[in-house]
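*Asks:* Sequence:
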Amino acid sequence: MGFHRRYLFKEAIEYGYAIPQTSTSCAKKIFVWFRLIGTLWPPATQLAIGADRAACILKPFWHRRHLDNKDVQLCTASLLFVVISLIAGFIIVLTSSDRDVYFYCGRKTTFSRGYTFYVYFVETFGYFIALFLSSIAYYSARKVQQTRAVKIQMRKIRYVLALGFLSSIFVAVPNIVSIISAIITRIVGFELFC
Numbered sequence: 001m002g003f004h005r006r007y008l009f010k011e012a013i014e015y016g017y018a019i020p021q022t023s024t025s026c027a028k029k030i031f032v033w034f035r036l037i038g039t040l041w042p043p044a045t046q047l048a049i050g051a052d053r054a055a056c057i058l059k060p061f062w063h064r065r066h067l068d069n070k071d072v073q074l075c076t077a078s079l080l081f082v083v084i085s086l087i088a089g090f091i092i093v094l095t096s097s098d099r100d101v102y103f104y105c106g107r108k109t110t111f112s113r114g115y116t117f118y119v120y121f122v123e124t125f126g127y128f129i130a131l132f133l134s135s136i137a138y139y140s141a142r143k144v145q146q147t148r149a150v151k152i153q154m155r156k157i158r159y160v161l162a163l164g165f166l167s168s169i170f171v172a173v174p175n176i177v178s179i180i181s182a183i184i185t186r187i188v189g190f191e192l193f194c
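Take the sequence shown: its position 54, counted from the start at 1, is 54 in the UniProt record's numbering, and no numbers get skipped.
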């Protein structure tokens, strides 16, 4: 992605113009899809893990029957979510294939503003919901009698909780600031955060 954008900007500066792009020509670039997968899959995975930990503590018998030692199901669920989201993006590209876009092929220009909002929403709230579920699991596990099995689950939950906290701080919060800044810029007409 970085090399491609560098090449495009260098070409635009050198020749004084940029090669016109359409949403279809942008969608043919593999980095657009890799970036989309990299944005959607981590929060979906953390959400699946957080839900698994919460179910393990809050509904242990149900968890043992349906999810215990079935990590493949969680991975498949998060992968299925990503594939469905990618198909939705592909359909958006197909329906707006003749639309001219800004030449560097970002998500907003390749797909649509609505789809980009959806991606930000999934990324931001996926991390926050995963953190919330992990927190519920952790505090519920602290109230349970501390058996060996509970201590093992507590250790797993602490790792998931730390990962969820770091993801929320370093990914979700900046996304929220960016969205709020964009909204304020549209309403007021000046940049809030540079």
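Certain hints may be false.
[As the list claims (entries may be wrong)] DSS-like mimics (lysine-lysine), calculated; alpha carbons at most 27 Å apart, straight line:
(1) 29 / 143
(2) 143 / 59
(3) 143 / 28
(4) 28 / 10
(5) 10 / 70
(6) 29 / 108
(7) 10 / 108
(8) 70 / 151
(9) 59 / 70
(10) 59 / 156
(11) 156 / 143
[Stated by the list, open to error] Okay, the calculated beta carbon distance ranges per label pair:
(12) 170 / 108: 17 to 27 Å
(13) 20 / 70: 44 to 54 Å
(14) 97 / 117: 15 to 25 Å
(15) 97 / 140: 45 to 55 Å
Rather than coming from a laboratory, the hints here were simulated on the basis of the structure. Just so we're clear, the structure is a prediction, and the values are computed from it rather than from any experiment. Built from N, CA and C at the ideal position, the CB exists for glycine as well.
*Asks:* Would you mind marking each hint as holding or not holding in the structure?
*Replies:* Against the structure, the hints come out as follows:
| no. | hint | verdict |
| --- | --- | --- |
| 1 | 29 / 143 | violated, 51 Å |
| 2 | 143 / 59 | holds, 14 Å |
| 3 | 143 / 28 | violated, 53 Å |
| 4 | 28 / 10 | holds, 21 Å |
| 5 | 10 / 70 | violated, 50 Å |
| 6 | 29 / 108 | holds, 14 Å |
| 7 | 10 / 108 | holds, 22 Å |
| 8 | 70 / 151 | holds, 21 Å |
| 9 | 59 / 70 | holds, 16 Å |
| 10 | 59 / 156 | holds, 17 Å |
| 11 | 156 / 143 | holds, 16 Å |
| 12 | 170 / 108: 17 to 27 Å | holds, 22 Å |
| 13 | 20 / 70: 44 to 54 Å | holds, 50 Å |
| 14 | 97 / 117: 15 to 25 Å | holds, 21 Å |
| 15 | 97 / 140: 45 to 55 Å | holds, 50 Å |
When each numbered hint is compared with the structure, violations occur for hints 1, 3 and 5.
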